[in-house]
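A.B. asks: So the chains spell out like this:
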Amino acid sequence: MSEIREVIINNDRLATDEYLVNMGPQHPSTHGVLRLLVRLEGEKVLNVQPHTGYIHSGIEKMCEAISYPQIIHLTDRMDYLSAHMNNEAVALCVEKALQVEVPDRVKYIRTIMDELSRLASHQLWWCVFGMDMGALTTFFYGLRDREKILDIFEETCGARMTVSYSTPGGLMFDIHPNFQKRVKEFITYFRTKLPEYDKLLSGNVILRERAEGIGHLSLKDAIDFGVTGPSGRASGFSCDMRKHHPYSAYPFVKFNEILDHRCDTLARYEVRILEMYESLSIIEQLIDNIPEGDYAVKMKGVIKLPEGEFYQRVESARGEFGVYIVSDGKKNPYRVKFRSPGFSNMFALNKMAKGHKIADLVAIMSTLDLIIPDIDR
Amino acid sequence: MAFNIYDFTTLTHSIHVGLAESFSPVVATTIEWIIVGVTYLLFVALFGLFLVYAERKVCAAFQQRLGPMRVGPWGLLQTIADFIKLLMKELIMPRKADWFLYNIAPFIVIIASFMAIAILPFAPGLQSFDFDIGIFYLTAVSSVGVIGILIAGWSSNNKYSLIGAMRSGAQILSYELSVSLSLLTMVVFAGSMQFSTIVEGQRDAWYIFSGHIPAMIAFIIFLIAGTAETNRGPFDLAEAESELVAGFHTEYSGVKFAMFFLAEYINLFIISAVAATVFLGGWMPLHFGNLESFNHVMDFIPPVVWFFGKVLFVIFIIMWFKWTFPRLRVDQILTLEWKYLLPINLVNILLMALVVLTKFHF
Chain A
65 MSEIREVIIN NDRLATDEYL VNMGPQHPST HGVLRLLVRL EGEKVLNVQP HTGYIHSGIE
125 KMCEAISYPQ IIHLTDRMDY LSAHMNNEAV ALCVEKALQV EVPDRVKYIR TIMDELSRLA
185 SHQLWWCVFG MDMGALTTFF YGLRDREKIL DIFEETCGAR MTVSYSTPGG LMFDIHPNFQ
245 KRVKEFITYF RTKLPEYDKL LSGNVILRER AEGIGHLSLK DAIDFGVTGP SGRASGFSCD
305 MRKHHPYSAY PFVKFNEILD HRCDTLARYE VRILEMYESL SIIEQLIDNI PEGDYAVKMK
365 GVIKLPEGEF YQRVESARGE FGVYIVSDGK KNPYRVKFRS PGFSNMFALN KMAKGHKIAD
425 LVAIMSTLDL IIPDIDR
Chain B
333 MAFNIYDFTT LTHSIHVGLA ESFSPVVATT IEWIIVGVTY LLFVALFGLF LVYAERKVCA
393 AFQQRLGPMR VGPWGLLQTI ADFIKLLMKE LIMPRKADWF LYNIAPFIVI IASFMAIAIL
453 PFAPGLQSFD FDIGIFYLTA VSSVGVIGIL IAGWSSNNKY SLIGAMRSGA QILSYELSVS
513 LSLLTMVVFA GSMQFSTIVE GQRDAWYIFS GHIPAMIAFI IFLIAGTAET NRGPFDLAEA
573 ESELVAGFHT EYSGVKFAMF FLAEYINLFI ISAVAATVFL GGWMPLHFGN LESFNHVMDF
633 IPPVVWFFGK VLFVIFIIMW FKWTFPRLRV DQILTLEWKY LLPINLVNIL LMALVVLTKF
693 HF
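Quick mapping for you: the protein sequence lines, in order, are chains A and B.
Residues in the first sequence are numbered from 65 upward in steps of one, following my numbering.
Residues in the second sequence are numbered from 333 upward in steps of one, following my numbering.
Simulated from the structure, these hints should not be mistaken for laboratory data.
Be careful, since some hints might not be right.
Here are the simulated lysine to aspartate or glutamate pairs, EDC-like style, with alpha carbons at most 16 angstroms apart [what the hints assert, rightly or not]:
#, chain 1, residue 1, chain 2, residue 2
1, B, K491, A, E82
2, B, K491, A, D81
3, A, K108, B, D663
4, A, K257, A, E211
5, A, K394, A, E128
6, B, K491, A, E105
7, A, K108, A, D81
8, A, K307, A, D285
9, A, K248, A, E348
10, A, K401, A, E124
11, A, K395, A, E371
12, A, K394, A, E373
13, B, K491, A, E107
14, A, K212, A, D238
15, A, K248, A, D352
So here's chain B without its partners, still in its complex pose:
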């Protein structure tokens, strides 16, 4: 098996060929599915744990303290210990909760996140399925999660949960518009909804540079709306702990709470990964037009490193928001979306269309 850190196509291809040679097509496909599924599960679990750790450390740095330091070196094992604790905790369900909906809600939330993660290109050849309406698919599945949140709030038989879920519903439905429209701006520029084409189109310059002003506006709007869609501060109204205790997941404990918790971090990863892919070139190294030697040096850094570097950069910015800003109020959140972001976004699409028509870009 040829392993090439710069291009995973050969690796995946050789696995496929190897399996196809030794098994019947049905078995081979099943095994491939299992491999892909297990890989994603492992990745999500590990990266989720890492993000929780990173969030703790980042927030500690903002708050002038050290963060977890006791469990393992620099507290590296703290999140694992916490996760084990969560897994072993007793599951408590409110007496009058709707049994079926209460139990299914965490799964809906986490399944939506898993579905969205499948479309992301991590590196050349490291993408589980790449089809021509990738961005459309992404916006579609990422809005399924809100159904889980609404169900969780409704079925818990708790007024705080219900208020949290209603807030979350209003917020995510509104910000869904901004996320889609800012992505649409970039689709106009890229001329494709397919992730591989979008990344390939940024070979000479990332879209945020080549699309200049409209792309930057779209990027900022996407960051704001993306933060709101993941229910993170300053848009964390759904779980505003000073008002609603813990919002929609007040009544969840143990592993079910862990699912919501994990889903929040996967969503953070997805939003950052989409921002990185659509605006910052995905796994594409930093290239500047005809600076041959510079481009060559940049090519030396593997695409996976580029991808995760960009994702972590965006994640850091989003964490920065959370640990600096106070929370918005529910009417302000809707005002921000409907009165400011949405009109700006619509004008921005027109601007982008003009830029594309007049070829006034790099």
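The shape of chain A in the complex, shown without the other chains:
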């Protein structure tokens, strides 16, 4: 029994009333192939040990063999729910290295697409969170609204999830003539539907009982583990890249960084719900003011970065997403490293889940919003 061996190797024998459970790699609550080795005493979680690598696809290594515009297409496959942010991070990094200034139109469209992706991602998170809590109806409410965003993506760039829309120097294509109209329609629609989310789940007494005070992650722990994104902000960690290191059109818009100091599952839940409102307001500020101009600057056929190291971070739907490129002046990078938010967030799980019940572990994991390909890359 491999798990038993691991425990013995750690010189940490099981007490008689303790036992180990392998949650995953195939388990409904891990939303993919994460494996958690959970040490239990009855229902109580004593220790959670995440084991990653079940969907490791060697994206960073592959990047070394392909050109910069091609890397974009691999980043879609990491955090597939914030595909556009990942694309943008690589594009921004390459643009920074080449010192290319993209037109304002590109910045605006990129920001709108960012926020639409964030909305879609948070919607999916909300439905899955409900499902993990046992309220299956949320799943269909969330997917119903997410579908509308995916339709907009499809019309804009032909893909629904793996958009590959940003590219070094601008965008793949200009926006569809319907884009503004449909986005505005969506905003009016979703402003009426978002309160439904609160009615169905947020105000529910069972949810509040289950979420309040569960999975405490103090500010210090959040910083120590590098927990970013909504999960970090729910611990009062001001880590919004859009505020601290503004990129694209974020310097032009007014929005609040949602912070919560309650540090528990409910805080992480509410931060995400409030972020959806913020995203809507960011899109509203931008959608009518998209400047005229080119949708991309002319780049060379073969993009070669100057020798050196380049880092660019963006705020993905899960936290800080960073791209680190080491270039030796050739057309493909010498080394690429992605700082994925999910990887750092996941390791706070043990800290948060210790001492709680199995059901809480599932809820806590759900509020971290883990995307496994993002962790394994």
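We have chain A already, so just place chain B on it with the hints.
C.D. replies: Frame of chain A; chain B shown alone:
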């Protein structure tokens, strides 16, 4: 054979007389047993299938979709197709499972459900046996099912199954108290444990109206505790699919899984039928004191229709719970029972006793 939709006593009586005339008493009784058994089997199978279909449609309505639509008109044949699929599936048993217990567990669960269903009065004359401790019998046999669940979880040799079974054991044993006590409240009011007497006592007004406040409290508690006893959401901890994969029946496949599945729906039916019988008058039509013409119109609707109408109404409410609420945590479930429902229930019995003593009811 005289067939009367309002009263089945003549029908059953004529069958009995007919059989007694043509066969010896032993043969006649055996044939009667077989008839009754086959009728129940058919009823349970068909009604179970119908409930699965209804659940799918109800949940689809809550989730803003259509539900099964492809197999047969409006997907009516979907559950039958699924059942055939389940029957034909390979039975897989974990290597280190306890063979005997693993195989006997589904039967215990389903037999307990069948035993409970026997006591329910569907209509005048449509009740297979009616004896004076009906409610006591019902609470007794309906708690046998948990043994099957515990055995299933234990023998599967799977930690998820074991956790599910343990949760289920703790939950059902606790909520058994609330179910019995809320029924006991109504027994105090009705003055009898016999189902036929209870239904007959609601001729003028259903107990939920005539027993007013304590009866309504008992009804609400019974609905909550009944939902918990059938292991349905928001109390579906035993098979919490986001935590325990499928809980106690993780390792069951094919027809054995179908038995657990069917038992869950029979239990849903039983709980709803008991709620309908004890609180909502069973097959008794809606009567209001001395509104003669109104009562007469209500009498025109056959008792079977009344009974199933009420049962389906309660079933709908229980499904509504399931598709709206998130699941409770295991400690919360026990807190709810031991700290809230049980004390309320005990006070409620006292209240009901006072109401009965002071004759402060309708």
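A.B. asks: Run every hint past the structure and note whether it holds.
C.D. replies: Okay, the hints, checked on the actual structure:
Taken as a hint, the K491 (chain B) and E82 (chain A) pair is honoured in the structure, with Cα atoms around 12 angstroms apart against an allowance of 16 angstroms. The suggested pairing of K491 (chain B) with D81 (chain A) holds, with an alpha-carbon distance near 13 angstroms, which does not exceed 16 angstroms. Under the criterion of a C-alpha separation no larger than 16 angstroms, the hint pairing K108 (chain A) with D663 (chain B) is consistent with the structure, at around 11 angstroms. Annotation: proposed proximity of K257 (chain A) to E211 (chain A) holds, straight-line Cα distance about 13 angstroms (limit 16 angstroms).
A threshold of 16 angstroms between alpha carbons decides the hint, and for K394 (chain A) with E128 (chain A) the separation of about 10 angstroms falls inside it, so the pair holds. Restraint check: the Cα-Cα separation between K491 (chain B) and E105 (chain A) comes to about 12 angstroms, which is no more than 16 angstroms; the hinted pair holds. For the suggested pair K108 (chain A) and D81 (chain A), the alpha carbons sit about 11 angstroms apart, so the restraint of at most 16 angstroms is met. Taking the CA atoms of K307 (chain A) and D285 (chain A), the gap is about 22 angstroms. The hint is violated against a cut of 16 angstroms.
With a C-alpha separation of about 8 angstroms, the suggested pair K248 (chain A) and E348 (chain A) falls inside the 16 angstroms cut-off, and the hint holds. Straight-line distance between C-alpha atoms of K401 (chain A) and E124 (chain A) comes to about 6 angstroms, which keeps the hinted pair within the 16 angstroms bound. At most 16 angstroms may separate the alpha-carbon atoms for a hinted pair to count; K395 (chain A) and E371 (chain A) meet this at roughly 11 angstroms. Annotation: proposed proximity of K394 (chain A) to E373 (chain A) holds, straight-line Cα distance about 13 angstroms (limit 16 angstroms).
For the hint linking K491 (chain B) to E107 (chain A), the alpha-carbon distance of about 11 angstroms falls within 16 angstroms, and the restraint holds. Proximity of K212 (chain A) to D238 (chain A) is assessed by CA-CA distance (about 20 angstroms); at most 16 angstroms being required, the pair is judged violated. A hinted pair counts as satisfied when its Cα atoms are at most 16 angstroms apart, and K248 (chain A) with D352 (chain A) qualifies at roughly 9 angstroms.
The structure shown violates the earlier hints numbered 8, 14.
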